[in-house]
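Novice: Model the placement of chain V on the given structure of chain L, informed by the hints.
Single-letter residue listing:
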Amino acid sequence: DVKVTQSSRYLVKRTGEKVFLECVQDMDHENMFWYRQDPGLGLRLIYFSYDVKMKEKGDIPEGYSVSREKKERFSLILESASTNQTSMYLCASSSNRWGRDEKLFFGSGTQLSVL
Amino acid sequence: SQQGEEDPQALSIQEGENATMNCSYKTSINNLQWYRQNSGRGLVHLILIRSNEREKHSGRLRVTLDTSKKSSSLLITASRAADTASYFCATDPTQGAQKLVFGQGTRLTINP
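First to last, the sequence lines map onto chains L and V. So that you can map any letter, position 98 of the first sequence is 98 in our numbering, and since no number is skipped, the others follow by simple counting. So that you can map any letter, position 85 of the second sequence is 85 in our numbering, and since no number is skipped, the others follow by simple counting.
Only chain V is shown next, with the shape it has when bound in the complex:
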């Protein structure tokens, strides 16, 4: 079953704008991770946030985590055409087999 659910499924914005993607999950987690996938390629790890952290930054990326609401958001600031990709959240549940569970992804399109 899907642990992470991304919202929106697709997002189209103009270059230079900020892009925000959300992820909701159902069970307790050790950490939540965001991955990026260019069309037809494998996934690339972007950022990891632990369950005891609330916010994390990496370059133009900002991730927040609200464990009380079981949700996370990924903000990409000052978007570029090269940011066009699909973005997936993945959760590491505290219970059960120790493996990441991926959501369905958000397809982000940056228009020049």
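Only chain L is shown next, with the shape it has when bound in the complex:
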């Protein structure tokens, strides 16, 4: 059974802290994605990666960075957390370099609160 695991379901951090959100997939997928989800705004893509050590900016990369040192792991980093980064963060993966008809597999999400 395919699985995308996000390290924390709930996280509370202080303004200015460096925050790491971890995501691991066990499906040997090439592609991994980080979205944030806010009420009324739907899902917005932050960063994605098609391969180890590569990354691409999504629609809202400001204030975030990512790391993909191993194929199965994709980390989202908030260098200096701010209150407007309070959100639900969703990690997803898909199999090959955007072959047609790819579907995403999502983790359960991390609800991050920045105080």
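One or more hints might be untrue.
When the alpha-carbon atoms are kept at most 20 Å apart in a straight line, the in silico EDC-like pairs for lysine to aspartate or glutamate are as follows [as the list claims (entries may be wrong)]: (1) L:53 - L:30; (2) V:99 - L:56; (3) L:103 - V:55; (4) V:99 - L:101; (5) V:99 - L:28; (6) V:56 - L:56; (7) V:70 - L:101; (8) V:99 - L:62; (9) V:99 - L:59; (10) V:99 - L:30.
Treat the hints as calculated values from the structure; they're not laboratory data.
Specialist: Same frame as chain L, now just chain V:
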């Protein structure tokens, strides 16, 4: 920018009734997908329809696609309380970076 726009934003019906949700989009697509999200959880893929298909079925789900109107609908027949969730459409645009673009979702409530 949002590619998919779902309509209605919220829908409440009685158990056993059919639920219809609509999605409109702006650019040419390779396919359109529907996902479901239970409260506070991740999204789960439901069904994919390609741009050259007009209708697709999966169990109690029926999806239609009208590329001339740039719209899709998701029909859930004989709804159950367990169908209560948010439903999102996502489009795979033919142009630009190859990534899915999600709409804002429809919140569906099935009343027992």
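Novice: Between residue 99 of chain V and residue 59 of chain L, is the straight-line Cα distance small enough, at 20 Å or below?
Specialist: The given pair, whose Cα atoms are some 11 Å apart, holds under the 20 Å limit.
Novice: Please verify whether residue 103 of chain L and residue 55 of chain V have alpha carbons no more than 20 Å apart.
Specialist: Measuring from Cα to Cα gives roughly 18 Å; hence the hint holds.
Novice: Under the criterion that the straight-line Cα-Cα distance not exceed 20 Å, is the pair residue 53 of chain L, residue 30 of chain L satisfied?
Specialist: holds, 11 Å
Novice: Verify the proposed pairing of residue 70 of chain V with residue 101 of chain L, using a straight-line Cα cut of 20 Å.
Specialist: With a Cα-Cα distance of about 18 Å, the restraint between residue 70 of chain V and residue 101 of chain L holds, given a limit of 20 Å.
Novice: Next pair to validate is residue 56 of chain V with residue 56 of chain L; report whether the Cα-Cα distance is within 20 Å.
Specialist: At roughly 33 Å apart (the allowed maximum being 20 Å), residue 56 of chain L and residue 56 of chain V break the hint.
Novice: Given the hinted pair residue 99 of chain V and residue 62 of chain L, is their alpha-carbon gap at most 20 Å?
Specialist: Given that 20 Å is the threshold and the Cα spacing comes to 19 Å, the pair holds.
Novice: Given the hint that residue 99 of chain V pairs with residue 101 of chain L, does the C-alpha gap stay at or below 20 Å?
Specialist: holds, 11 Å
Novice: Take the C-alpha atoms of residue 99 of chain V and residue 56 of chain L, compute the straight-line distance between them, and say whether it is at most 20 Å.
Specialist: holds, 11 Å
Novice: Given the hinted pair residue 99 of chain V and residue 30 of chain L, is their alpha-carbon gap at most 20 Å?
Specialist: Distance of about 13 Å is within 20 Å: holds.
Novice: Residue 99 of chain V and residue 28 of chain L: Cα distance at most 20 Å?
Specialist: Measuring from Cα to Cα gives roughly 19 Å; hence the hint holds.
Taken one by one, the earlier hints fail for this structure only at number 6.
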